[in-house]
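Q: Going line by line, the protein sequences match chains A and B.
Just so we're aligned, residue 18 is where the first sequence starts under the numbering used here, counting upward by one.
Just so we're aligned, residue 18 is where the second sequence starts under the numbering used here, counting upward by one.
Hints are not guaranteed to be accurate.
For identical chains, the list gives no copy identity; a pair is met inside one copy or between any two copies.
Heads up, simulated DSBU-like pairs for lysine-lysine below, C-alpha to C-alpha not over 30 Å straight-line [as the list claims (entries may be wrong)]: (1) K173 / K222; (2) K195 / K173; (3) K94 / K251; (4) K222 / K44; (5) K94 / K246; (6) K162 / K44; (7) K173 / K197; (8) K222 / K61; (9) K282 / K197; (10) K44 / K94.
Simulated from the structure, these hints should not be mistaken for laboratory data.
What you are looking at is a predicted structure, and each value in this text was computed from that prediction instead of being measured.
Number of protein chains: 2
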Amino acid sequence: MNRSALIRLIFEKKSFLCIGLDPDLSKIPEHLLQEEDPIFSFNKQIIDSTHDLAIAYKPNFAFYESEGVRGWNSLAKTIQYINRSYSGTVFSIADAKRGDIGNTSGQYARAVFDPESSGMNFDAVTVAPYMGEDSVNPFLSYPEKWIIVLALTSNKGAADFQFFGDGSHRLFEQVLMKSKGWGSNENMMYVVGATKAEMLADVRKIVPGHFLLVPGVGAQGGSLREVAKYGLTKECGLIVNSSRNIIYASPGVDFADKAREEAGKIQQEMQLILENRGFNPQ
Amino acid sequence: MNRSALIRLIFEKKSFLCIGLDPDLSKIPEHLLQEEDPIFSFNKQIIDSTHDLAIAYKPNFAFYESEGVRGWNSLAKTIQYINRSYSGTVFSIADAKRGDIGNTSGQYARAVFDPESSGMNFDAVTVAPYMGEDSVNPFLSYPEKWIIVLALTSNKGAADFQFFGDGSHRLFEQVLMKSKGWGSNENMMYVVGATKAEMLADVRKIVPGHFLLVPGVGAQGGSLREVAKYGLTKECGLIVNSSRNIIYASPGVDFADKAREEAGKIQQEMQLILENRGFNPQ
Chain A
18 MNRSALIRLI
28 FEKKSFLCIG
38 LDPDLSKIPE
48 HLLQEEDPIF
58 SFNKQIIDST
68 HDLAIAYKPN
78 FAFYESEGVR
88 GWNSLAKTIQ
98 YINRSYSGTV
108 FSIADAKRGD
118 IGNTSGQYAR
128 AVFDPESSGM
138 NFDAVTVAPY
148 MGEDSVNPFL
158 SYPEKWIIVL
168 ALTSNKGAAD
178 FQFFGDGSHR
188 LFEQVLMKSK
198 GWGSNENMMY
208 VVGATKAEML
218 ADVRKIVPGH
228 FLLVPGVGAQ
238 GGSLREVAKY
248 GLTKECGLIV
258 NSSRNIIYAS
268 PGVDFADKAR
278 EEAGKIQQEM
288 QLILENRGFN
298 PQ
Chain B
18 MNRSALIRLI
28 FEKKSFLCIG
38 LDPDLSKIPE
48 HLLQEEDPIF
58 SFNKQIIDST
68 HDLAIAYKPN
78 FAFYESEGVR
88 GWNSLAKTIQ
98 YINRSYSGTV
108 FSIADAKRGD
118 IGNTSGQYAR
128 AVFDPESSGM
138 NFDAVTVAPY
148 MGEDSVNPFL
158 SYPEKWIIVL
168 ALTSNKGAAD
178 FQFFGDGSHR
188 LFEQVLMKSK
198 GWGSNENMMY
208 VVGATKAEML
218 ADVRKIVPGH
228 FLLVPGVGAQ
238 GGSLREVAKY
248 GLTKECGLIV
258 NSSRNIIYAS
268 PGVDFADKAR
278 EEAGKIQQEM
288 QLILENRGFN
298 PQ
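Isolated chain A (complex conformation) (with noise of 0.2 Å):
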C-alpha cells in the first residue's frame, strides 16, 4: 500500500488507530480453546468485528512464535485472511522487530513481503536500527512496501541505549537522522513510544513528515491527545497502537463486540482529534 493511500484510509474511517493481535492462549476466551485453530478464529472475529474502525493490524510475531509451528501456522492464515478479505481497505504490520547483516535481512524480508516464498504477504515490518544501513537495506526494495524503524520505544529500557549521547544528540536522534536518508517518507517510519509524548516533539524536528507507529496507548499509559498534540502532522502522520485493551476487553463469547466497542471509543476519540484540526488528506 502506498503513501496516499494509506492517507485516505485514514480519511475515509476517520481513524489512526492500529489494532494489536497479541494472541496469547492463556488469555483468549475459554471456548475458542476448543476450535482447530484457536490463535486464527480469536483473530478472525476481531477483524471482522474492528475493520471499519481501524486502519490496520500489527500480529506481533513473538506471540506466534511461543506456540512453534502451529502459531506460524495461525499467524500466515491471519495474513491471508486479511488480504482476502481486506485487500486494499487495510493496512498490516509485522511486528517482528528484525535486523541482522545484509543477506540474512533479505531472507526476512522474503518472510513478511515474498508470499510465493513464506506464504505471508504484510505491508510493512518493523525493524531494529542496531546493526545499520545494510541491515535495513533489503527490505526497502520491494515497491509499495514499508520498514517501521525502532527509534523510541515506549518501555522503561528505552532509557538504556536509546538515550545514550554525544552530547549533541541522543542514539534515537542519531537513528532517526542517518537512517532517513536510507528511504524516504513513502517507504519508511518509525516506532515512537506514547508514553514519552513531549518527545514527539523531538521527533518531530527531524522527521516533520515521516509516519509514526505509537505504540503503548493503553495498556502501556499514553494518553492519545497528548501523543496527537505532539505528533500530528497535516497529512495524520501517524499510526496508534492499541493491543490488550481492546483484543481482551472481554474473556466471555462477547469478545469481538466488546473489542469493537473498546476501538469505537478511541475511533471516536481520533475522529473529534482530526476534525479539530481540520485533517484534510489532499
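For chain A, the structure is supplied; the task is to place chain B on it using the hints.
A: Relative to the frame of chain A, chain B by itself:
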C-alpha cells in the same frame, strides 16, 4: 548447558567451532530437492558429518522464516534432532536477533527455550540490545540457558550506530558495560564480529571472562588467528562461527563429506591455537 559443560566440550573436541545452519533452497545440493523436507535433510547430514568437529550449531532463523510455515517446521525438526541425537555433546544457538518489550520478549523466550510450548529447546538465543534491560531479562529466567547480546557486529553497517559515542565510550562499549550487570558470564555471551579482530582487545577490557560468539570467519573475511590473539581466554572464551564455507563446500552428493573436510581444517587450526596457549579446562 552450563558453562563448565561447554568448556568441557571445547576441551574434549579441541575445537571452538560453531557451524551456522543457513540453508538456502537455491544453494543446497539439487538432489535433496526431491526429498520431503530438503532443508531438514540437508541439516541432518551436515550435523551427522561434523558433530565431532564442531561444538555448536547455529540455525539462522531468517533462512527458515523465508520459507514460511514449512521453514519453521524444518527448523523445529532440526533442533529436535539435535536434542535427540546429540544431547549434551553440542551447544545449540537460536540465531534470531530478538528483542522487544518485556511481555513480548517473554513470548520470544518461550519460542526458543520452552519445548512444551513451542516444540523448540535451544541452549542459547541471540538478542538485540536496542530496547534495553527489560527486553533482555525475560530470556535470563531460564536456568542453564544463555543469551548472546549483539555488541559489535561484522557488517559494514556496524559503523552507523555501534561506534556512536559520548567521547569516552562508543555504543558497543556502553552495551557491554551496562548489560553485563543484567546476568553473568554463566548465562550471557556477546556477538563480536571477526572483521575487526583488534577491537576484540577493547571488548576484552570490559568483559574479560565472557564467552564471545564470533561470526565472520570465512565468507566475511575474518582471520581465526587474529581473533584468537585478541579474544582467547584461559577457558577459551570463544565460539567462532563459520557457515557458508562449510555447508556449501560442495554442491554435489558429496556435500556432507566436503563440509566435514572444511570443518576439519578449521578444527585443526583451532587445536593448534589451543595447544599453543596451553589450554587447560581443569
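Q: So, for every hint listed, does it hold in this structure?
A: Now the hints, each set against the structure:
no., hint, result
1, K173 / K222, "both (23 Å within a copy, 28 Å between copies)"
2, K195 / K173, "both (24 Å within a copy, 14 Å between copies)"
3, K94 / K251, "neither (36 Å within a copy, 51 Å between copies)"
4, K222 / K44, "neither (40 Å within a copy, 46 Å between copies)"
5, K94 / K246, "neither (37 Å within a copy, 50 Å between copies)"
6, K162 / K44, "between (32 Å within a copy, 27 Å between copies)"
7, K173 / K197, "both (25 Å within a copy, 18 Å between copies)"
8, K222 / K61, "neither (39 Å within a copy, 53 Å between copies)"
9, K282 / K197, "neither (34 Å within a copy, 44 Å between copies)"
10, K44 / K94, "both (20 Å within a copy, 28 Å between copies)"
Consistency note: the structure conflicts with the earlier hints numbered 3, 4, 5, 8, 9.
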